[in-house]
Amino acid sequence: MQEINWTALIIFLALFAFITWLGFAAAHWRKGDLDLLHEWGLGGRRFGTLITWFLIGGDLYTAYTFIAVPALAFGAGAVAFFAVPYTIVVYPILFLVFPRLWYVCHRHNYITAADFVRGRFGNRWLALAMAITGIVATLPYIALQLVGLQVVIGGMGISGTGYSGDLPLVIAFIVLAAFTYTSGLRAPASIAIVKDILIYLTAFAAIIAIPIQLGGFEKIFAAIPASKTLLATPGPNTTGAYGAYATLALGSALALFLYPHSITGILAASSGRAVRRNAALLPGYSFMLGLLALVGFFAIAAGVGDRPEFAAGFKQFGNNFAIPALFLDSFPSWFVGIAFAAVGIGALVPAAIMSIAAANLYTRNIHREFINSAPTDQQEAQLAKWVSLIVKFGALAFIVFLPSKFAIYLQLLGGIWIIQTLPAVMLGVYTRWFNEWALMIGWAVGIAAGTAMFIAANLAPTYTLAVAGFSFPGYAALYAVIVNLVLSVVLTPLFNLLVAGSADETEAAEYQAPV
Amino acid sequence: MPDRPLGEDMNQQDRRHSGWSWWHLLFLIQFIAVLWPPFYNRAEPTLIGLPFFYWYQLLWIIIGAILTAAVHFATDD
Numbered sequence: 001m002q003e004i005n006w007t008a009l010i011i012f013l014a015l016f017a018f019i020t021w022l023g024f025a026a027a028h029w030r031k032g033d034l035d036l037l038h039e040w041g042l043g044g045r046r047f048g049t050l051i052t053w054f055l056i057g058g059d060l061y062t063a064y065t066f067i068a069v070p071a072l073a074f075g076a077g078a079v080a081f082f083a084v085p086y087t088i089v090v091y092p093i094l095f096l097v098f099p100r101l102w103y104v105c106h107r108h109n110y111i112t113a114a115d116f117v118r119g120r121f122g123n124r125w126l127a128l129a130m131a132i133t134g135i136v137a138t139l140p141y142i143a144l145q146l147v148g149l150q151v152v153i154g155g156m157g158i159s160g161t162g163y164s165g166d167l168p169l170v171i172a173f174i175v176l177a178a179f180t181y182t183s184g185l186r187a188p189a190s191i192a193i194v195k196d197i198l199i200y201l202t203a204f205a206a207i208i209a210i211p212i213q214l215g216g217f218e219k220i221f222a223a224i225p226a227s228k229t230l231l232a233t234p235g236p237n238t239t240g241a242y243g244a245y246a247t248l249a250l251g252s253a254l255a256l257f258l259y260p261h262s263i264t265g266i267l268a269a270s271s272g273r274a275v276r277r278n279a280a281l282l283p284g285y286s287f288m289l290g291l292l293a294l295v296g297f298f299a300i301a302a303g304v305g306d307r308p309e310f311a312a313g314f315k316q317f318g319n320n321f322a323i324p325a326l327f328l329d330s331f332p333s334w335f336v337g338i339a340f341a342a343v344g345i346g347a348l349v350p351a352a353i354m355s356i357a358a359a360n361l362y363t364r365n366i367h368r369e370f371i372n373s374a375p376t377d378q379q380e381a382q383l384a385k386w387v388s389l390i391v392k393f394g395a396l397a398f399i400v401f402l403p404s405k406f407a408i409y410l411q412l413l414g415g416i417w418i419i420q421t422l423p424a425v426m427l428g429v430y431t432r433w434f435n436e437w438a439l440m441i442g443w444a445v446g447i448a449a450g451t452a453m454f455i456a457a458n459l460a461p462t463y464t465l466a467v468a469g470f471s472f473p474g475y476a477a478l479y480a481v482i483v484n485l486v487l488s489v490v491l492t493p494l495f496n497l498l499v500a501g502s503a504d505e506t507e508a509a510e511y512q513a514p515v
Numbered sequence: 001m002p003d004r005p006l007g008e009d010m011n012q013q014d015r016r017h018s019g020w021s022w023w024h025l026l027f028l029i030q031f032i033a034v035l036w037p038p039f040y041n042r043a044e045p046t047l048i049g050l051p052f053f054y055w056y057q058l059l060w061i062i063i064g065a066i067l068t069a070a071v072h073f074a075t076d077d
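Going down the list, the protein sequences come from chains W and A.
Heads up: the first sequence at position 387 corresponds to 387 in this note's numbering, and the numbers run straight through without jumps.
Heads up: the second sequence at position 19 corresponds to 19 in this note's numbering, and the numbers run straight through without jumps.
Don't take every hint at face value.
Unchecked claim - Over 10 Å on every C-beta distance to chain A, these chain W residues come out as not near it, computed from the model: (1) Ala-27; (2) Gly-216; (3) Ile-220; (4) Phe-287; (5) Arg-307; (6) Ile-371; (7) Ala-457.
As the list claims (entries may be wrong) - Derived, one-sided and incomplete: chain A residues facing chain W with beta-carbon distance under 8 Å: (8) Gln-30; (9) Ile-32; (10) Asn-41.
To be clear, the hints were calculated from the coordinates, so they are not data collected in a lab.
Note that CB positions come from ideal geometry on N, CA and C, so glycine has one too.
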């Protein structure tokens, strides 16, 4: 690995020190009683349109995204651009479904999607299934944020042998854990503002400066093998790369706002209207993500993959090193510091929100429901703070002791699992038609089917469905949730004959703005 | 079953905020435009050297945001 890049490192550390201060100071921002779970875990539901924009943007467009999407473009080409249609179709879904969820959750002080399912369908076991799915899907996602952080730390030339090499990661995580414990959701919300400004700065610098250095887009794309610039045209009797591309985009979009950290960001907004407005404003981040995907092609054209000085980095981090290598190659050291800090801080914001979201789920839907049904407000908030710590250190141990490919596989599986909560949560905000036991069976079979497809596809998210001589390669999550939906619909009338439905504690008017 | 079909037992004023509005059909446009790769999987015409595949999809981020804003203003109270 190259020598330590001191200029970059000092700027990186200075920005890190600043957000550490900010994270602790955030406890006093829009001050609330942090001994209440909705104050600690949802920032008191006080964030207006603008802060929500920063918070959800910082939450969804994670460090790992900024490393992995360009890395996929660098390695596999055009298919990486599925992130663009994905983040286009996700916002109508946000607009149509989630303001309704916000209103009903605000009305009943629900802080998780599982709380909502519990109230809507009156079934603690279905709520438990939602909570466990959320927690299990979130943990590897937190671990992946660490991979993003690891790559930029490595990029600055900091390396070590054995576990001492992980020391900077451990320190960053202790800092993160401490301010999340102290300030709750206010910490990532305030840091998200800094992170997003840095990320925008980096993305626009990269998209303007690097093409000038490389002689323009025309030259860049001329340097890329034709097989990588477009999707392969499907052969006869198959939907080929087209089907895979579209189903990956649609399935990922359907899953995104079901993740606990997304729902935490939405519920922290001050009104359903702030959520609606954000459906029109958040595409600003999608545009930046699209530009960053192109940066993966710049890395091919710049030839960073063949440089001896980057060989060690590529060996350690694979294609995930493409972006750090390109930045080191194209930017002056001080700007490398800013860009790497953007990615590093970009890892901490979602990691904090994810750990808070997982803690909320455990506290409300597992502990309160099954272990201690009458905690005081203070006990409940205190438990959530401890759980957020445990969750983060679990993720850290995962990355330090296991190869990062496990976290990647589990995160891919997490997407297949979390989408199985769609019928109960997303359709649940529109209708109570479904029988809760039908939803439960749909969920279970969806998880099993999706996992089986993932394994059958050799641990890849794209499964090839073969029907009567035609083959349809597509995103396993989408196929599995269709199985789930069909079962939920077919079994609902049957179960309605067998068991009396549970009570619904919500009312139609509670899903809308109060008149 | 506390089954509650949309729109029923709601007065006229409530309906304005509730589930459905014809404006939501505008969203279909962006779904079709970006989820059907045959529309855009080609290199020509390029824009400042960027193949059509890329600038078409980037452009749709902006159109999608405008459509979403339009639906928001049209259905806002």
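Outcome of the hint check:
Every CB of chain A lies more than 10 Å from the CB of Ala-27 of chain W, the least distance being 34 Å, so the non-interface label holds. Here Gly-216 of chain W does not stay apart from chain A, with its beta-carbon only about 5 Å from theirs, under the 10 Å limit. Look at Ile-220 of chain W: its CB is around 7 Å from the nearest CB on chain A, not clear of 10 Å, so calling it non-interface is violated. Not every beta carbon of chain A lies more than 10 Å from that of Phe-287 of chain W, the smallest distance being close to 5 Å; the non-interface claim is violated.
The claim that Arg-307 of chain W is not at the interface with chain A holds, since no C-beta of that chain comes within 10 Å of its own (minimum 24 Å). Separation of Ile-371 of chain W from chain A is adequate, the least Cβ-Cβ distance of about 29 Å exceeding the 10 Å criterion. With a minimum CB-CB distance of about 20 Å to chain A, Ala-457 of chain W clears the 10 Å threshold, and the non-interface call stands. Checking Gln-30 of chain A against chain W: minimum C-beta separation of about 6 Å stays under 8 Å; hint holds.
For Ile-32 of chain A, the shortest C-beta to C-beta distance to chain W is roughly 10 Å, which exceeds 8 Å, and the interface hint is violated. At its closest, the beta carbon of Asn-41 of chain A sits 5 Å from a beta carbon of chain W; the interface hint therefore holds under the 8 Å criterion.
In summary, the structure is inconsistent with hints 2, 3, 4, 9 from the numbered list given earlier, while agreeing with the others.
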